[in-house]
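The primary structure of each chain is shown beneath.
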Amino acid sequence: MVTRSCLSLLLLLAAGCASTPERASSSGLAAPGFKPRALRAGETGVALQCSKIFAMDEHDHIFAPGTVLVRNGKIEYVGPRRAAPAGYEVHAFEQGWALPGMVDLHSHVQGTFDINDMVLPINAELRASPAYVPGNTSLDRARAAGVTTLLGIPGSGTSISGFGVLHKTKDTPLYDTAVIADPGAMKVAQSYNPERSADFGSTRAGLGWLLREANERAIAANEAGVVDPRLENLQKVHARELPVLIHCAGSDGVGKAVNMWKGEYDTRCVVSHGCFDAFKIAPYVVRMQVPMNHGPRTIDFRVSREGRFVGTAGEYLEAGARDFSLNTDAPVVPQEELFLQGTVSARYGADSYSMLRGLTIHPARSIGLGDRLGSLEPGKDADIGVFNGDPIDPRTRCELVLIDGVVEYSRTRDGQLF
Amino acid sequence: MLLTTLLLSIPTPADPPLPSLYALRVGRAETIAHGTIEHAVVLIEAGKIVTVGQDLEVERGIPVIELPGATLLPGLVDCYSRLGLDSDGSSGFEPQAKASVELYPDQKIWAEILELGVTTLGLYPAGSGIPGQGFVVKPHGATREEMLLRDPSYLLVHMRSDPGSKKFLRDGLEKADDYDEKEKKNVEKWDKDQEKKGAKKDDKKEEKKEEAKSFDPSPPQDKAKKERKGYVPSEPDEKAKPFVELRQDKLRALCTLSKAADYLHLLDVLREETFEFDLRVFLRDDVDFHHVMDKFGEKKLRIAMDPRITLQPNTRRERSYAMELAAAGGKPVFVPRTDSINGLKDWLRHVGEVVGAGLDRQVALRAVTLEPAQLLGLGDRLGSLEPGKDANFVLYDGDPLEVSTRILAVILEGELVHGEIDQ
Amino acid sequence: MKPARATGRPMNSLLLLGAALLGSVMPSLVAQETSGSKSSDAKTADAKKDEAKKADPEPKWFAVVGGDVHTGTGGLLRGATVLAKDGVIESVGYSTDLPEGTEVLSARGLQVYPGLVAISASLAVSQGSRFLAEDDLHMRCCVDFGKNGHLHEGPLDAELDLLLADQAGLVDAQSDLRDAYDPFSSSLLMTLAVGITSAEQSGGALKLKRGEIDGVVMRERFLSSFTWTSASSGKTQLREKFAAAARYLREKREWDVRKDKVKDLPEPSKKGIEQKILSVLDGSARAKFNANDRDDLLGIARLAQEFGFRPVIEGCVEGWIVAEELGRAGAYAIVYPRQRRDKDENLVRAGGSSIENAAILHAHGVQVAIGPASNGIDLGGITGRDLLHLTVDADFAVRGGMTDAAALAGITTVPARILGIDHRVGTLEKGKDCDVIVTDGDVLHYETLVQYTVVAGKIAYDKQKELLFAHIRPRTPGDGKTSNSSGDSAPASAESQPPQR
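Chains as they are written, first to last, in this note's numbering: chain X, 1 to 418; chain S, 1 to 423; chain H, 1 to 501.
Chain X extracted, bound-state conformation (with noise of 0.2 Å):
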């Protein structure tokens, strides 16, 4: 009963956000005593004016028209029209939606390709960064489509696959400079791909086995107070230090990977994919408070079997999912299409406003970096992007990309690259 009614409650809250999200606020977003002032030598600004501004914050501020401020790489003020201050990069859009660069979790064109060694089925010592190839054409055309950050993970052919990079789709050609955290994020696979032929481990009951006894070595050595160079990454993701994403799906997997990551060892997790008939559990996934990454799967007629075409994304937001996130699992889906999985959910029943947030700030919080990611507010990271209309209308181009406040995509000067 108890359950019952928080449910109807985050419904209502949910309702609440997504039938009020075009409320503009008159003062606009900066921090206490913001003043524009002009740059001072060795000093970056840029101005973007544009003629609607999704802030993605928690209030869903919506200015149209409105300025965004970018001082040195940080956001500095986003709200009502202002005159740029001396000496700001002045970018002004007649018909220019800003939003927050997009975020997707559950990517793997990060370079080479050498993401899954298949040879034994927990690796939790492997990474993906050293395939990674700086500067490739998925990601040129990733972040010309307003795509800012990506989670690059190991494939789900093996249980533990490794360790994912969470980078910047950034023009440069040093890693470093792209890279938000190395490791990022753990990827496990639980359910379909990884049950293939091991010696040890090709079943669900030989991965369960070898899953749980990798995680209990992991908590030994914590509590024991050691680091097992083996399981050196492992142990922080249980110690809560680093996320989890979690390739699960179906409402068997989804259902079994909750459980065991969050109910048993109460993981920083991820659920991702959450495709097939998954989204019949979705309460409870909702209930035990996992954020659910979702796609490349974002219908299912075949699974639940109904005759209709399900939009698994409106059945998520439904059961009241917070943290709610859409992926490509590019190439699967192309990286630059991401837009594109808000596009078909909201064709196929959800709401097109929180399919914005799925793409921006639900996926920055659910991997951790929602005070840096996600949304345009004062001091968070200036990685924007503006379009000529609706941002999941397949028609709207990408005119301008920000990314750390630098202009890393402008239609004009590089050409339509998406």
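In case anyone wonders, no lab produced these hints; they're calculated from the structure. Glycine included, each C-beta is placed from N, C-alpha and C at the ideal position. One or more of the hints may lead you astray.
[As the list claims (entries may be wrong)] Which stretches of chain H does chain X cover? Using the computed rule of at least three CB atoms under 8 Å from a CB of chain X, they are: (1) 321-332; (2) 353-367; (3) 444-456.
Here the structure of chain X is known, so what remains is to put chains S and H in place on it, guided by the hints.
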């Protein structure tokens, strides 16, 4: 007289044999033709049913077998089977092929079939396209002749929504057209020859000409034959013959369909043809026959199908096509889900499931007896408890559609062929 | 947030809405068409009544009434009526005088468009997704799914549901598409549910009728596939074949003229002449090439110009680089706007794919048809990139700079032209087939769903009556309904329901 139930599972024929004239008094009889009769008495003479009725008085001296706990059903008729046949059969366009060449009496399987209450078996030719003609046997007898009830039974036409199978049927009908055309000319020629022989007067000749013009190849040629004494129609080409016979109502067609569209394509080929046909539809989940159910009903079609509830395409919604067909005015016929001894064992249980899901019980019983007999062209001889029909019975110890019910005895043409009855 | 939707919003100016939705509408044109059709409608309506009396059997009248009609010829008629007789459009305009017994579909508050034409459609259903990247080598780690087959990409044989039966075992190569048509297939229903009413099949065109097989083939084998090889020998050979065919046609024409005058003039020999090429040169078929490289595209353009035919080029990925040449050659392009190809870094010149391809080709006079990202229906869950999302691909063409109107033409009139069925479909005009879709908004907007699909004057799909999409933004009563059907307010029911048990 008492029934012994202890040795029922032993599949040996009873000894001594039943007399030529005797009466069966049972707790209940499903007559199929006239519903259920409680306390029924069936009088049998020389392998045929003489009379059926409730609490009939039996003449003194006629032996009466008393089975107060038994339910009597006409012998089951499976109209679409390959049991006991083993060849790969023909495929493509082989309408002349006869499946009966495959019949081999000396097999254990016939007894197994009979023990399961199936007294009539319609066997079909193997293969795809138009693979040939089926035949009917009773699963009992030492020789082919003893076993054969009817040959051929039906011309089998596998109709699919593809140009290949449509072409086969079109080709067959075109061959029949060619033959009819040829016959028409032959008749004209014959008439002229007769005329030349000078035996006719002028006015008679006119009449003949008129007749020749209006000669229609479709109706039976008997009329033409009668009026043209001495005229012998030419023998059609072996591949044309079955189609000519279809039009002459000497042969029926059984067309198999796997989805609704196949039926439209069948009609598309048949167009103006008026010959009769029955259908065999294969039921699995996601079949879509509901789209043409009205069309089936309109023609009051007899359709052989699996006794099962299927799921509507892409959903978990259940459909009972047998029920829908009956409601639309058609006649369902049940065929075991799998063509095997195990399939026969489960047959009535599966029929029971469909009844449990709402199908009228009488329709269901008819669908395993009289309707398949009709489909095989033996409706006047088999499939119901009516005077004059073969005395083929299955005796059950309860409701035949109940899982726990067992067969007490099987009687074929008045003879006890399975089970034991204490006379 | 419905920024780009212009529907249902009262607009006081018809012209404004026209401009907003179609971009390139000339205001005067709309006005003219409007008044023009009014008067002609009145006439035809009277004439029709007389005809109706005479005609036997009774003609079947059908009308879509009250919607904003996007004719596809540049006009937008607000609150207009499309009237059809026996499946053929009789008038488009403001006739209020409907013949007696007309079946009326109310589209009040809704948008009315011509049915979409899907080129390169297989209409097959699969359970997996086709990936778009040309170089898919790197896919290996990502699509390597479980051995137990739960997640196989690609079609699962057992579940394959084809509109057309597998033609592998065809006995007769000349067989009719009609003989394989399944008018009840669920893939057909899904295709209709997204507004596609005509589809290419084996180089011909099918009218996607539901429940019947008569009249489903509009044209057969009109598109004739040619292989363009990059190897110079192959190119030379093809050119020689075209030259020989052209020479033959010339000689034949000459012979036709002179044969009566000159005795025993030998008829030119057809030996070694490819019938396929003759058909292209005499206009009874259209040559279709599949080519993407700039050099190949140029080669095809030259061949076409030399022999005077208009080529259809599928793919055309680097077309934007040679758009001018393709435009001059009168080429048709079938473009997949999301097709990606990285530039060869060894080349100095431009290369690779461009999102602007469709727009640039269009700007240079190339007739651009837009193809679906994958030609079948994908029920695997990765959505937005199959036949059911043809409009999404049109959207991507707009992203690259095309106008909405040109992109819409790319999935209606242009493919109709390519398939040689533009005299019947692609626009809403008198004399064309009444293939109409009724939507709840701008057909190119992602939240717009087709409410009704009409094929040849019959309602083939009604969103609220089929399970597929009925639950998504259900139509409110009064949003449009058929006047002589009462089932509109009833909850969604799939097809015909099984009897109650």
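*Mind listing which of the numbered hints don't hold for this structure, in increasing order?*
Failing hint: just 1.
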